[in-house]
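A.B. asks: Take a look at the letters that make up each chain.
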Amino acid sequence: MSATAPASHGPGHPHAADQGKRDFLKLVSGAAAAIGVGAIAWPLIDSMNPSADVLALSSVEVDLTPVPAGQGITVAWRGKPVFVRHRTEKEIKEAQDVKLSELIEPQPDSERVKAGHDQWIVVIGICTHLGCIPLGNKPTDPRGDWGGWFCPCHGSQYDTSGRVRHGPAPLNLYLPQYAFESDSKIKIG
Amino acid sequence: MRPALSTARAGGQFAATLLAATLLAAPAIAQEGQLPHPGWSFSGPFGTFDRAAAQRGFQIYKEVCSNCHSLKEAYYRNLEGIGLSEEQVKAVAASVTVPTIGDDGQPAERPALPSDHFKSPFANDKAARAALNGALPPDLSVIVKAREGGPDYVYGVLTGYGEPPAGMKMGDGMNYNRVFPGHQIAMPQPLQADQVQYSDGTKPTLDQEAHDVVTFLTFIANPEMESRKQIGVKIILFLAMLTGITYVVKRRVWSDVH
Amino acid sequence: MAGLHKSDYKNPVVNWIDTRLPLFTMMNKEYAVFPTPKNFNYFWNFGALATVTLLLMIATGVFLAMNYTPDSNMAFDSVERIMRDVNYGWLLRYAHANGASMFFIVVYIHIFRGLYYGSYKTPRELLWMLGVVILLLMMATAFMGYVLPWGQMSFWGATVITNLFSAFPLVGNAIVTWLWGGFAVGDPTLHRFFSLHYLLPFVLIGVVFFHVVALHITGSNNPLGIDVKSPQDTLPFHPYYTIKDSVGLCVFFMVWAAFVFFAPNFFGDPDNYIPANPLQTPSEIVPEWYFLPYYAILRSVPNKLGGVCMMFGSILVLFVLPWLDTSPVRSARFRPIYRALFWVHVVACIALGFVGAHRPEGWWVVLGRVATTYYFLHFLVLLPIIGKLERPLPLPESISRPVIPPRGGGGPLPGGAPAKPMEKP
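Protein chains in written order, with my numbering: chain A, 1 to 189; chain B, 1 to 258; chain C, 1 to 425.
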């Protein structure tokens, strides 16, 4: 039961002159077969990517009129919570006045809101630490020392601009892609 | 040897008789009215959908068919496949209101979005039957695939209305149709000449209308058809090449076997 | 015997693995250097084609299952969603649906090849019987898979086929209720069929494995039907038969692709694009083409229980075929009477297929009964008798010298004796 190289088998060896041509043909057919296997595998793999109906739902419109100042709403977008907070004048001022050097991930408030719509902060409501959903969007929730959001899992705290102010989260809350369709309506995605 | 051969011959004859009987009996079953074959832009391995015809067909569906027939597997966004722009699709969808749940928790209505399924004319089958004298109009999403004869059949039904032959007893509220199985159909003739106004100047004859709406319905039943055929041509060519190469390699490998 | 395997591989990693688990040695022995008769024709491709088809069916099926919903209210729509929204979903579904037909085409050719060349005869009886088990499992899998789209044919096919079991006296109705999980085909039926449709292909893989193991114990049959006598008669499986199988595989893929891309609903029934309606039976219930001959046998027998028994019997008879055929000669090439009867049998099976597709009226009934009678006559009466009566043609001496020795002796070949009964290797 000893294994020997397959080439040493069979009646009559191929002639040496033939060998080169034969190897080339084997190479070509092997390459073509590899392409074939890829062509079979790709549709299988791609079928697991988001389908057309999932992609078609990848943007949502949100009406802002029912949100009073100082409160927020949570909307589902691509299966994730998005926090939309109507900030008070005081909260806006706090967010704008903070020294960038104090921040864990320095970023001015103006880069996190849309110009002319300072009162609206829109962030993806997932803690950048380990993916929990921070509290603070409901009036009864704890909002942490900086008046924004507070993550119950490991105590990360965010300010009213969604910037992380107290670890262990390393980064500010992510901003979704969104645009104002009118003063009272945004389209996320 | 002799008996063996004659038995073999007898067996062969028996086989031939059996085969002949099978083949002879086959056409006896082909029945029902002959289907028209109007010729379609989408037939054949390179066929594509005639965009203009499909868009006119959508107009027919919207103005005529959709009063009774749903298209519930299709989405408004699918209309981009027959050449409508994103804005046009949005406008088509927005012209329809669909049920939703309002923020107060009560049933409400909102304009449809391109991501919505086509709105069905009736809330459910029972509502349809109640409104239509007990008849249930079938959903048209895959109607072209769900009937023997496909597009030819649907075209045949749409153009197959007429007076019943003398002596044929028609059921109450039934209409005569050459192509429909049993020749009695509950649906009154849906399309007439000049039923719609085409904006592209095409003359809306009955044949033209039927042709257009069948083109549209074939697209709705097979939205993947064009890319399917395009990929198919490439795959077949690739496999033909691979077969050739493999065969040459096989000949070489086997050349030393005697 | 315990102890490390002594491996000859040079590559240290391969050698390390092979010493502990001689996979490489085994693959080399069974698929590379495996001595295979040198005279195979292209009909010997079909076992490999069937294996590849099974693997592709499992691959496409697993990905389809990721998007399919086995619920009577959602199944039809979920299939339409696969067709319309899932990336390449239409390709997966059409490849899977047509793949079922391809699988049966390939396996039927494989079976008739075995019948023609006597591949079921000793010592390959168990190999053959495992093959029949594979066929039965395939049929069960295909039937349950056809139910999943939950169209009209799915529903009524399931109703009719499960009702077959009601033919059995006393327990019949209890069995049917048990199969349904209710008092009609419904949601519970769909759920369990989906579960089993997912399970059985993996059972199939297991049986196929044993089928191959048994094949490698006895060695392959060949078009001459005579045993391998010397190394001169064989070739190593690789590269000779790997490349020959590859040629067949390419052609096979072309046929499959032609259906998938250009006539994807050719084998399908339009009625299955109508959602299942438990209150209305389609005007004609026709099973998929690969079940038509059995369906014809079922309807050819006027008695319900008799029909069911004959239908199952038409496959079960294959289990005992190795003992019904009394001829010691394997290949039909050397059996003139059997060769003729083989073709009659092929025509009878095709005729049964046509009969199954049509309403049992007029000529079709007669044809169905004649063909059914022949089917059983062939196996149960003719094969045992002609094995005794038939005088086979003289067999060649060996595969490498496929010359029929001249009659009356005097040729250079020793032993030009006619048909030695079942020579020993």
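Hints may be right or wrong, so weigh each one.
Derived DMTMM-like pairs: lysine to aspartate or glutamate, alpha-carbon spacing no greater than 20 Å straight-line [claimed, not checked]:
#, chain 1, residue 1, chain 2, residue 2
1, A, Lys-187, B, Glu-224
2, A, Lys-185, B, Glu-109
3, B, Lys-119, B, Glu-80
Bear in mind the hints are in silico, worked out from the structure with no lab data behind them.
A.B. asks: Look at each hint and say if it fits the structure.
C.D. replies: Structure-based check of each hint:
The suggested pairing of A/Lys-187 with B/Glu-224 is violated, with an alpha-carbon distance near 30 Å, which exceeds 20 Å. Only pairs whose Cα atoms come within 20 Å are accepted, and A/Lys-185 paired with B/Glu-109 is accepted, the gap being roughly 18 Å. Between B/Lys-119 and B/Glu-80 the alpha-carbon distance is near 17 Å, which keeps this suggested pair within the 20 Å criterion.
Going down the numbered hints, you'll see the structure goes against just number 1.
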